[in-house]
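Q: Which chain is which? The protein sequence lines are G and A, in order.
The letter at position 53 of the first sequence is residue 53 when you use the UniProt record's numbering, and the numbering goes up by one with no holes.
The letter at position 64 of the second sequence is residue 64 when you use the UniProt record's numbering, and the numbering goes up by one with no holes.
If you're looking for bench data, these hints aren't it; they were derived computationally from the structure.
Nothing here was measured: the structure is a model prediction, and the numbers come from that model.
Please note that a few of the clues may not be correct.
Which copy is meant is left open, so a pair is good if it fits within one copy or across any two.
[Unchecked claim] In silico lysine to any residue, SDA-like type, Cα no more than 25 Å apart, as pairs: (1) 115 - 133; (2) 128 - 214; (3) 115 - 127; (4) 23 - 197; (5) 115 - 130; (6) 115 - 81; (7) 115 - 35.
Read off the chains here:
Protein chains: 2
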Amino acid sequence: MTTLYGYFRSSAAYRVRIVLNLKGLDYDQAPVNLVRGEQRDDAYRARNPQGLVPSLVTDDGVSLTQSLAICEYLDERHPEPPLLPADPAGRARVRALAQLVACEIHPLDNLRVLKYLTGELGVDEATKMTWYRHWVHEGFAALEAMLSREAGSGDFCHGDAPTLADACLVPQVFNAERFECDLDAYPRIRRIAANARALDAFRRAAPSEQPDAG
Amino acid sequence: MTTLYGYFRSSAAYRVRIVLNLKGLDYDQAPVNLVRGEQRDDAYRARNPQGLVPSLVTDDGVSLTQSLAICEYLDERHPEPPLLPADPAGRARVRALAQLVACEIHPLDNLRVLKYLTGELGVDEATKMTWYRHWVHEGFAALEAMLSREAGSGDFCHGDAPTLADACLVPQVFNAERFECDLDAYPRIRRIAANARALDAFRRAAPSEQPDAG
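Isolated chain G, as found in the complex (with noise of 0.2 Å):
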């Protein structure tokens, strides 16, 4: 069976949940706390040298680590339904996309960083949340440019179907309502977040819906 190690709230883990459901695959999930700091755990980081989540391991043993190469190696041994399209122009229009939010939003958000900020740079309460939020703004801001300016959008971010952005962008929007950032100035995100969610494979991949949700 196909083990998922992550976490309920991790942006990335719910990236690869929503992949694992849209592809129709089984899995189990093994917890580790981050909170807790169980990333960092020796166990883990022999698993996963880099000490972050999701890792995979699937039922043929090949072991995966970073979440986008999670998904493109999903997408390229189930390749229905497909993540990405068949041009090249749009594959890069997909990645591009899905990378705004893993390469220009996500890492400037996790919790590792926050730490960073209000550990050793002392940092307070506000100042983090004013940071959190700035970064969700730079990114969203192109995100909705990109999503109302470019013809390939539609009811989803490529198109009428989800892509590997779709499965990028409703981790990144869940993360930017929990920290209360006012996303009114993003219609086209909001709307193509909300037909996502509608679907069983996004519903199932929530955190809430999570068996370690606390």
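With the hints as your guide, set chain A onto chain G.
A: The following block gives chain A in isolation, referenced to the frame of chain G:
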């Protein structure tokens, strides 16, 4: 003619230059001066709403953003020499190594973040350097462990020819050196980076070789 919008010291633009060179593709450069903030000008944002470099416009008019998406597009359109191995597990490993740099190190240490630290957060120069080096060491320790432990490694990150992972590693090593990070603890990273930098494609992509190098 293909046009790369970049900046000589941008780590993400450097990745794309390496890949363009590995593929033997000719391209023009349109420098965007990040220190002067040209990436935030309306003219550039009309091209890339993210206000980030690189972006690439291909000779047939396709406009692309996000360095890893650009690299994979180039690999799909120009398959030789391949940037990724043929087997899905190998492809996932190369992508994970690339993303460990592109999602876990670089986003925290790029210019706009360092500016936020010294500007909005008012941290001093020494604290900024500690921040910079902290994320390099977190990422490089994980990368060194993966490169040392995993069977896939060779003279390069994966096997004995350069892949997408090396195109990410070399610019990150360059940046780490520029910020005077002590890399003694990472012999495998240093050896692979030296092997890659000895290749003409990497040498011609170096910041010092670019038309806008100042």
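Q: Could you run down the list of hints and mark each one as holding or not?
A: To see whether the hints hold, each was checked on the structure:
Taking identical chains as interchangeable, the C-alpha atoms of residue 115 and residue 133 lie at most 25 Å apart whether they share a chain (16 Å) or sit on different chains (16 Å). Taking identical chains as interchangeable, the C-alpha atoms of residue 128 and residue 214 lie at most 25 Å apart only when both belong to the same chain, with a minimum of 23 Å there against 35 Å between chains. In this homomeric assembly, residue 115 and residue 127 come within 25 Å of each other (Cα to Cα) both inside a single copy, at 12 Å, and across copies, at 15 Å. When the C-alpha separation of residue 23 and residue 197 is checked against a cutoff of 25 Å, the pair qualifies only within one copy, where the shortest distance is 16 Å, while the shortest distance between copies is 40 Å.
Taking the shortest Cα distances, residue 115 and residue 130 sit within 25 Å of each other both inside one copy (14 Å) and across copies (15 Å). For the identical chains of this complex, residue 115 and residue 81 are neighbours neither inside a copy (38 Å) nor across copies (42 Å), given an alpha-carbon limit of 25 Å. Taking the shortest Cα distances, residue 115 and residue 35 sit within 25 Å of each other inside one copy (10 Å), while across copies they are farther apart (29 Å).
Hint violations for this structure: number 6 only, all remaining hints satisfied.
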